[in-house]
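Enquirer: Can you make the complete structure from the sequences, with help from the hints?
Protein chains: 2
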Amino acid sequence: MAQSPTRAADRVDETRLWQRHMAMARLGARADGGVNRQALSDEDIAARRQLIGWAAARGFTCAVDPIGNLFVRRAGRERDLPPVLTGSHLDSQPSGGKFDGTYGVLAGLEVLEALEDARVTTRRPIEAVAWTNEEGSRFQPGAMGSAAFVGRVQLVALRDTVDRAGIRLGDALDATLAATPGLARRALGFPVAAYIESHIEQGPLLEADGKVIGAVTGIQGSRWFAVEVTGEEAHAGTTPLKIRKDALKAAMAMVAALEALMADATDVVRFTVGRFDVSPNSPNTVPGRVFFTIDFRHPDPAVLQRLGDQVPALCAAHARGCAVSVTPTFDAPPTHFTQGIVASISAAAARLGLPHRDIFSGAFHDAKFLAEVAPTGMIFVPCARGISHNPAESAKASDLAAGARVLAEVLAELAEQ
Amino acid sequence: MAQSPTRAADRVDETRLWQRHMAMARLGARADGGVNRQALSDEDIAARRQLIGWAAARGFTCAVDPIGNLFVRRAGRERDLPPVLTGSHLDSQPSGGKFDGTYGVLAGLEVLEALEDARVTTRRPIEAVAWTNEEGSRFQPGAMGSAAFVGRVQLVALRDTVDRAGIRLGDALDATLAATPGLARRALGFPVAAYIESHIEQGPLLEADGKVIGAVTGIQGSRWFAVEVTGEEAHAGTTPLKIRKDALKAAMAMVAALEALMADATDVVRFTVGRFDVSPNSPNTVPGRVFFTIDFRHPDPAVLQRLGDQVPALCAAHARGCAVSVTPTFDAPPTHFTQGIVASISAAAARLGLPHRDIFSGAFHDAKFLAEVAPTGMIFVPCARGISHNPAESAKASDLAAGARVLAEVLAELAEQ
Chain B
4 MAQSPTRAAD RVDETRLWQR HMAMARLGAR ADGGVNRQAL SDEDIAARRQ
54 LIGWAAARGF TCAVDPIGNL FVRRAGRERD LPPVLTGSHL DSQPSGGKFD
104 GTYGVLAGLE VLEALEDARV TTRRPIEAVA WTNEEGSRFQ PGAMGSAAFV
154 GRVQLVALRD TVDRAGIRLG DALDATLAAT PGLARRALGF PVAAYIESHI
204 EQGPLLEADG KVIGAVTGIQ GSRWFAVEVT GEEAHAGTTP LKIRKDALKA
254 AMAMVAALEA LMADATDVVR FTVGRFDVSP NSPNTVPGRV FFTIDFRHPD
304 PAVLQRLGDQ VPALCAAHAR GCAVSVTPTF DAPPTHFTQG IVASISAAAA
354 RLGLPHRDIF SGAFHDAKFL AEVAPTGMIF VPCARGISHN PAESAKASDL
404 AAGARVLAEV LAELAEQ
Chain V
4 MAQSPTRAAD RVDETRLWQR HMAMARLGAR ADGGVNRQAL SDEDIAARRQ
54 LIGWAAARGF TCAVDPIGNL FVRRAGRERD LPPVLTGSHL DSQPSGGKFD
104 GTYGVLAGLE VLEALEDARV TTRRPIEAVA WTNEEGSRFQ PGAMGSAAFV
154 GRVQLVALRD TVDRAGIRLG DALDATLAAT PGLARRALGF PVAAYIESHI
204 EQGPLLEADG KVIGAVTGIQ GSRWFAVEVT GEEAHAGTTP LKIRKDALKA
254 AMAMVAALEA LMADATDVVR FTVGRFDVSP NSPNTVPGRV FFTIDFRHPD
304 PAVLQRLGDQ VPALCAAHAR GCAVSVTPTF DAPPTHFTQG IVASISAAAA
354 RLGLPHRDIF SGAFHDAKFL AEVAPTGMIF VPCARGISHN PAESAKASDL
404 AAGARVLAEV LAELAEQ
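Read top to bottom, the protein sequences are chains B and V.
Just so you know, the first sequence maps onto residues 4 to 420 in the numbering used here.
Just so you know, the second sequence maps onto residues 4 to 420 in the numbering used here.
Please note: incorrect hints may appear among the correct ones.
A pair counts as met if it fits within one copy or between any two copies, since identical chains are not told apart.
As a list, the in silico EDC-like pairs of lysine to aspartate or glutamate whose alpha-carbon atoms are at most 20 Å apart [to be verified]:
1) LYS245 with GLU416
2) LYS399 with ASP163
3) LYS399 with ASP35
4) LYS399 with ASP334
5) LYS399 with ASP212
6) LYS245 with GLU210
These are computed hints drawn from the structure, not numbers from a lab.
Expert: As structure tokens, this is what we get:
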């Protein structure tokens, strides 16, 4: 028989959590209702100040590390133990929504407040973190803060990255840190007891399935390719089809063959051709060149290998007399989250009477990097029709609060271990 | 038994004809060996002056009509009879070659000179014409001079057409006419006894077939369409394929279905998708919109109708949940040239011992419009690998001269009728 929820979960305040989302959404607000809050921009600084202000009002201490990851700490009974971390990011896509990333940070803060409100102490400290530059829209690559935290990228190299306006990341970072003064300084990569990230699903499965909580079992792996097809430009009126080297029709034959290869009755394979450039792209000229991209994702490394390895040969087999080159551009194995944490999330949802299911993440998250250094899990809540990276991104206040209650349960449990 | 060639055909001078091509190619020469001579540009004016200069040196008179069509006249014995016309155009594509259009004008001038050299008189005048703006690269539509000549378009409306720099056609035309002063003025659309256009094939058939002369039987018809496919942008990592509305995959299914519809063992159908624009064209986003063009051509109006009429329904049938709109953008029936002229071209080639065949034109030419008002035919000569509209366009001096000799035979014959 299920135990009762903790007092902390009972003190999660749906209205407070929702209003904070709306307050954050004003920082970088777009006229269409969306949010444009680029990493290390004035809007990002404003969001960081807002978070610091809310933390200070409740007596939580804030700290920052050299890449600008911002930590809000609620002390534990044993102050020197590695903390349990929870969070996500405050930066957005240029045409982003109100919930992607922001929810994970605000849900973390909400749990800290709920613990205060419930006068619950924990053995370990719990910290809500806002990782720097998860989106990677202004400075590449994304997930920069979490990648630097776990040592996957080196800050000294990142500082010379420039945005489209030619501004160095190092300068934008220094300005951001100067604009949020008086914070404790942390080193990169301090020990972490566990990491839990709350996030909107950014996909349609929970909504379609009538579930409120997704216990995320992992993040699928990705193999990306760039394909260049070189045929021969020719006059559309005069050139017989049999002697053409039509790069567009060859590329289409390749995509059709790849679609057949990737066909999956279980609908787990993600296969996308998102970019497709035709040259000279003139109505009356047979295309001489096509460049296209392949984004292939799957949770199972064996499937990633088996199908992904066939991509170059399959493209070559459908080249129709054109030259073709296939270049791998990204290869990330699947991440599997800590089984005990996935189980804790499911158990907490069950205790709280929330419909839940296991789910695999189709998108990347900072949790992908944290999983390399600490027991890690994620909690998904539904978003309308799965739409994200879009001003139309939408989530229900009650679902956001439900996710925060599950988070409170899991954090309280982990912080006692 | 075949008659002997006329004295005029014997006086066609291969070297003179070739050197004039090379002289013209310097006017608008590109560094890559090609030609960029836009209609009514400084380069076009230079080419017109060159033609006028060559004509004047030989005592031919020049005249111009209100759209700038330029006529070089060799008088006939009966001066008031409608002339036999021959010619083509002097403007080029932005990355054009040395022969497209220019050959037809210079072959006409060469015949006038050969008639002089042979001291042959003709009953009717013969005129070599350079039609204004056949290519339509700078000012749309193309074949403007010949279309205006036959009354298919109205000059007063064309004058307000602007190029990409905002220059009005009317102003560019006035400047061109002012830069070539002292010419007799003609009205548009005076009576024409017959029209013969010499041109490089712009296709590979003559070369592949080992023929030097193509007796062009007509110009195939065209039906062009613009197709707009509207799906839904989605996250490439999170969105299951079954619920996607992927505009790119829908468009590709449409093109594949159209390819099957247009399949033709005789290889006469010309079916081209030349422009294909994907939006947002981002590697990790399911495309929400595709715009593509269809260029479909065939000599047989029944085939044009039967296959072309199926395009909208076939696109709709493969929309895969996307919205699709199909818009006809151009519909031109096939042109059939005058049988007697086609026969005269074949007979002349035979007399001259030149390998020849009947051929249908895949491309448009000014002859398409002249055929509406006068007995009309075309003579094709080979170009290397069929390449045209390209700096690599190439033709042999001997083939150009062979075409001019056939032209001399046919013009001399027509000018006696």
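Enquirer: Does each hint fit the structure? Answer for all of them.
Expert: So, going through the hints one by one against the coordinates:
| no. | hint | verdict |
| --- | --- | --- |
| 1 | LYS245 with GLU416 | neither (69 Å within a copy, 38 Å between copies) |
| 2 | LYS399 with ASP163 | neither (40 Å within a copy, 57 Å between copies) |
| 3 | LYS399 with ASP35 | within (19 Å within a copy, 62 Å between copies) |
| 4 | LYS399 with ASP334 | neither (35 Å within a copy, 53 Å between copies) |
| 5 | LYS399 with ASP212 | within (16 Å within a copy, 71 Å between copies) |
| 6 | LYS245 with GLU210 | between (50 Å within a copy, 15 Å between copies) |
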